[in-house]
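J.: Please model the entire structure based on the sequences and the hints provided.
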Amino acid sequence: MALNQLFFRKTVIAGTGLFLCIFLVVHLSANCILLLPEETARGLYNSYSTTLRESPLIKLVAYLLYLSIILHVIYALLITLRNRKASPQKYVMNNSKENSTWTSQNMGLIGTMILLFIVVHLANFWARIKLGMGEAVNLDAAGHVDVYEVTSALFHNIYYVIFYTVLAIPLALHLHHGFKSAFKTLGFYHKKGLRIVAKIALVYAIIMGVGFGIIPFIVYFK
Amino acid sequence: MQVTFKIWRQEGPNDKGAIKAYEVNGLTEDMSFLEALDHLNELLVLKDEKVIAYEYDCREGICGQCGVFINGRAHGPHDNMTTCQLHMRSFKDGDTIVVEPWRAASFPVLKDLIVDRSAFDRIIEQGAFISAKTGTAPEANAIPIPKEVSDRAMDAAACIGCGACVATCKNSSAALFTSAKINHLNGLPQGRTEEHKRVAEMTYQMEIEGFGSCTFTGACEVECPEGISIINIAEMNARVAKSKVFG
Ligand code: SF4
Ligand code: FES
Chain A
1 MALNQLFFRK TVIAGTGLFL CIFLVVHLSA NCILLLPEET ARGLYNSYST TLRESPLIKL
61 VAYLLYLSII LHVIYALLIT LRNRKASPQK YVMNNSKENS TWTSQNMGLI GTMILLFIVV
121 HLANFWARIK LGMGEAVNLD AAGHVDVYEV TSALFHNIYY VIFYTVLAIP LALHLHHGFK
181 SAFKTLGFYH KKGLRIVAKI ALVYAIIMGV GFGIIPFIVY FK
Chain B
1 MQVTFKIWRQ EGPNDKGAIK AYEVNGLTED MSFLEALDHL NELLVLKDEK VIAYEYDCRE
61 GICGQCGVFI NGRAHGPHDN MTTCQLHMRS FKDGDTIVVE PWRAASFPVL KDLIVDRSAF
121 DRIIEQGAFI SAKTGTAPEA NAIPIPKEVS DRAMDAAACI GCGACVATCK NSSAALFTSA
181 KINHLNGLPQ GRTEEHKRVA EMTYQMEIEG FGSCTFTGAC EVECPEGISI INIAEMNARV
241 AKSKVFG
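Line by line, the protein sequences give chains A and B. Anchor point for the first sequence: position 54 equals 54 in this note's numbering, and the numbering is continuous, going up by one each time. Anchor point for the second sequence: position 241 equals 241 in this note's numbering, and the numbering is continuous, going up by one each time.
Since the hints were derived computationally from the structure, they do not count as laboratory data. Ideal Cβ placement from N, Cα and C applies to all residues, glycine included. Careful, some of the hints might be misleading.
No farther apart than 25 Å at their CA atoms in a straight line, the calculated lysine to aspartate or glutamate pairs in the DMTMM-like style are these [as the list claims (entries may be wrong)]:
id, chain 1, residue 1, chain 2, residue 2
1, B, K111, B, E195
2, A, K90, B, E195
3, A, K191, B, E195
4, A, K90, B, D79
5, A, K191, B, E42
Residues on chain A that point at chain B, a partial pick, calculated with CB under 10 Å [as the list claims (entries may be wrong)]:
id, residue
6, N83
7, Q89
8, V92
9, N95
10, E98
11, S104
12, M107
13, V161
Short, incomplete list of chain B residues facing chain A, as computed with Cβ under 10 Å [said to hold, decoys possible]:
id, residue
14, S32
15, N71
16, D79
17, E100
18, A167
19, M206
20, G218
21, K242
T.: Quick look at the structure:
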């Protein structure tokens, strides 16, 4: 009998969301390599990305990652549609800012901005390096695919720098709300624990937002 | 004191409805909000116009009948308060006050500010009770219950079924209401024998009534007149998972 879609869908969103949160930590750590002096950064960055591309374990994780993003988006869309149907008529006057944050009221919009970012981001890197679309990518002195060059060239284009930096803002907002909600969705209901989770969510969101937002700038001025 | 009420008028469930403005004089600050509406209705009677339909019963914050949306918030500008506990001193002379019925697909408007909240009753019917015969009140200490456990159950039991949580939720989710009812009973030994069935059936009913899913905006716990904590929803989520595994 019980289908419990309401719970199932939210559980998928929360689970995939937390998995993506972990992924972002790894991603940002790798980005930090870009802050090293030019030649060290190039060598490390390229060998790191080559290792990733060649490891079968990472391949599995990568598929999990794609799957998570897709499920996260699909279920978010399904939930949004159902929730719209549940509240078809809006209030003439609604002061929701008095009882909740703007972020929590607009996760769908913010999520869509991030999705737009991911599409551009994949076109910038994944499509060129993995699918070989666009201009061919050279090899570096060690014979690794020169991903560093792709990154550095991209972040010497001020429009891309602005795009990457500005879209770190919705990312931070989304992570802040998403991280702490996920715990509640997954049934963590310890009062003090949730307060700690909320603090971690804030720190995490700031680190991710600032980290992803500022590195393109630093590379631009390097 | 003089205010302009902008009130949702709707003849019946199938009527389109619209906001209508009424300038009202002769109010005093110590009037309750409902008394101000009563006053307006008396003026309408004198003018031979149809009175505004709104609900109330106890007028002391315990029955949950009086819910309306006032100036963009459930039960008016204060946190954790019912409409009947709201007074005109919360407004200024010359203010415009917008009054609307609860908005949710599962709470259809019947007339003016009155909505049909029987979806809540149907959720209750699914298991917000204990089916065992309990007889007369037993000796208080016959079943030892730790203080925190009874406190948590009592806090959840405070829900008066007003519907503000649904009304204020952008998803029209009934999660706060349903979780309060479930946690109230499932937290106590008397309710535990039927815990999994209760969770499954009440949440299932909540779903087929067409309520949305909770995305933790947190608006509900701010507007809930009983201050039911949103942590109840997290606890309900845990109970749903538990009922799937053990139920
Ligand atoms: S949980 Fe609070 S807001 Fe919701 S119905 Fe109960 S008393 Fe009203
Ligand atoms: S009239 Fe009973 S709670 Fe307001």
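J.: Now tell me if each hint is right for this structure.
T.: Now for the hints, and whether the structure bears them out:
1. K111/B with E195/B: The given pair, whose Cα atoms are some 38 Å apart, is violated under the 25 Å limit.
2. K90/A with E195/B: At roughly 36 Å apart (the allowed maximum being 25 Å), E195/B and K90/A break the hint.
3. K191/A with E195/B: Holds. K191/A to E195/B sits at ~22 Å (cutoff 25 Å).
4. K90/A with D79/B: Holds, at roughly 21 Å.
5. K191/A with E42/B: Cα-Cα ~49 Å, so violated.
6. N83: Holds, about 4 Å.
7. Q89: This interface hint holds because 5 Å falls under the 10 Å limit.
8. V92: holds (6 Å)
9. N95: holds (3 Å)
10. E98: holds (6 Å)
11. S104: With a minimum Cβ separation of about 4 Å from chain B (threshold 10 Å), the hint on S104/A holds.
12. M107: For M107/A, the interface hint holds, since the closest Cβ of chain B sits about 6 Å away, which is under 10 Å.
13. V161: violated (33 Å)
14. S32: violated (21 Å)
15. N71: It holds, given that the least Cβ distance between N71/B and chain A is near 6 Å, below 10 Å.
16. D79: It holds, given that the least Cβ distance between D79/B and chain A is near 7 Å, below 10 Å.
17. E100: Holds, about 6 Å.
18. A167: With a minimum Cβ separation of about 9 Å from chain A (threshold 10 Å), the hint on A167/B holds.
19. M206: Interface hint status for M206/B: holds (7 Å vs cutoff 10 Å).
20. G218: Hint on G218/B: holds, closest Cβ of chain A at ~5 Å, below 10 Å.
21. K242: It holds, given that the least Cβ distance between K242/B and chain A is near 8 Å, below 10 Å.
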